[in-house]
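Note that the protein sequences, when read in sequence, are chains A and B. All the letters of the first sequence, read from the start, carry residue numbers 7 to 306 under our numbering. All the letters of the second sequence, read from the start, carry residue numbers 7 to 306 under our numbering.
Hints listed in this document are in silico derivations from the structure and should not be mistaken for laboratory results. Watch out, some of these pointers could steer you wrong.
Output of the computed footprint for chain A on chain B, the stretches with three or more beta carbons under 8 Å from beta carbons of chain A [as the list claims (entries may be wrong)]:
id	segment
1	121 to 133
2	137 to 145
3	193 to 203
Here are some chain B residues pointing at chain A (derived, C-beta under 7 Å) [unchecked claim]:
id	residue
4	Asn9
5	Asp54
6	Asp59
7	Met86
8	Leu94
9	Ser213
10	Leu216
Remember, predicted model here, so these are calculated numbers, not experimental data. Ideal Cβ placement from N, Cα and C applies to all residues, glycine included.
Protein chains: 2
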Amino acid sequence: MRNEFALIDAIVEGLGDRATGDWVSVGPGDDAAVIKATPGLAQVASIDTLLPDVHFPAAAPAQLIGYRALMVSFSDLAAMRAAPRYCLVSLSMDETQGAAWVASLACGMADAARELGVYVCGGNLTRGPLNIAVSVHGEVEHQHLLRRSEGQPGQQLSVTGVLGAAAACVRTGQMLPVDPKALTPLQHAYYRPQARFDVSAMVQAASAGLDISDGLSQDLAHLCAASGCGAALQSLSIPIGAGATLEDALFGGDDYELLVASNEALPGAYIIGVLTAEPGLTLDGAPFAAKGFDHFGNDQ
Amino acid sequence: MRNEFALIDAIVEGLGDRATGDWVSVGPGDDAAVIKATPGLAQVASIDTLLPDVHFPAAAPAQLIGYRALMVSFSDLAAMRAAPRYCLVSLSMDETQGAAWVASLACGMADAARELGVYVCGGNLTRGPLNIAVSVHGEVEHQHLLRRSEGQPGQQLSVTGVLGAAAACVRTGQMLPVDPKALTPLQHAYYRPQARFDVSAMVQAASAGLDISDGLSQDLAHLCAASGCGAALQSLSIPIGAGATLEDALFGGDDYELLVASNEALPGAYIIGVLTAEPGLTLDGAPFAAKGFDHFGNDQ
């Protein structure tokens, strides 16, 4: 295996035009990256880690892993209604992955970075069990922030797209084998999630929101907890992806659509229920328990 | 083991007053943290990963691990002559570590954050092999940045403190057992490194610089490569910590002092040599090869 600095060179080469540019004044190669902030905007920052056979199949093509790692990490900024700007990647890997693998991972990250208009302007490489940590950074006008805690009883609940297809891909064991050039629709949902920066007009009138990463029911429970209310869902109103089930949508995860609360109907969004003053969740009038991905739960 | 969200609560509790404050307008609990940027300053960002039995002994007290993880990560910002502001931590851990361990880790991080005047305003928790990824963030006036690439032949090389004590701690097997309340001097060097934000006056006149994390010789080679020059060192001028050897200082690592190039002597810094037009390193006039920590090298 080539040495650390040769591997870093392979990564930077794989990133191509996404390593530096525009608002990045110092990219990879110094002790830290330097980024110009837009005057008057707040900085928004989040960090995620993706692990093999938890967040992606270890045997998946590295290009798909890289694409997915960046998109799902940036989704947290879309959930704040921020504009994405740059990210940093800290990669731990061992002999299982080689220079070709890491170059392919970087190419996949560059694909996602190009679609999002962002840069991967810094990172770190260590030898250890495969682990991809991504910190993502964006900007927003403070009054434009979409918080989890601003929901009010009586507000409509909406989602920005169909749910459950990525979970159906996992449930039906269709993640592997996979050909990056010929993804099935369910594989596309899993490997090519979209951080929904494109729906800012759709969710402009929303008061509260987050992205659905752990399943609709669990993320809705987070929104309700932060806003101090409950929610009533109508099962027939929940938009379910082709090949997916209501269970996939409610408990599956990996959707990365936005779930928002608003006083008025949002153009193009699916209304799925309402926030209630009573705590707890109901589905078609019957109480139900939130359930989704819990890394430390015993029932997963 | 408690579930993911209970563990996150334990971490936020351990962070105490360091989870949010001052320039952090949204701390832990939403999809992302929100930070006010200082008008006119550039953002500086870096990411590091610390692994058990690579960057710290797995059996070390979690409080020392947390302190060290934050300090060594922020050192990259001191190396850019930036002011530290906040960080994000992505933690992967398994059943080996429990809620008490993670709370203690967070307390150690809070200790370091308090000394640095920063906040740990966001993070992520996943179940997997122990891995601590820390993204660190600061601000700087663009013209005040200390780059690796601005060294010139003829400039003096200086370091901001004594070297080799942390490496001597590792070499002599004194990392364990360790009592956080009664660290030996070598243990103090290893477990309580200082990110040198306090020497900005000392290095004000420096043209180029970085922090010494991988050993003086290897980091000097990085500075030379970036600046397109070589360097001549005098062994008698290199300040060696008590209990350490010249080898520890040259090839050991974990010092986190700054290595800078300047046209004039810097008050309080140790002059150790000079940048040369000829590439390559010499020690007392004889060529020598840089050697230090390479995660993917075969000779470590």
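Which numbered hints fail: The structure conflicts with hints 3, 6, 9, although it agrees with all the remaining ones.
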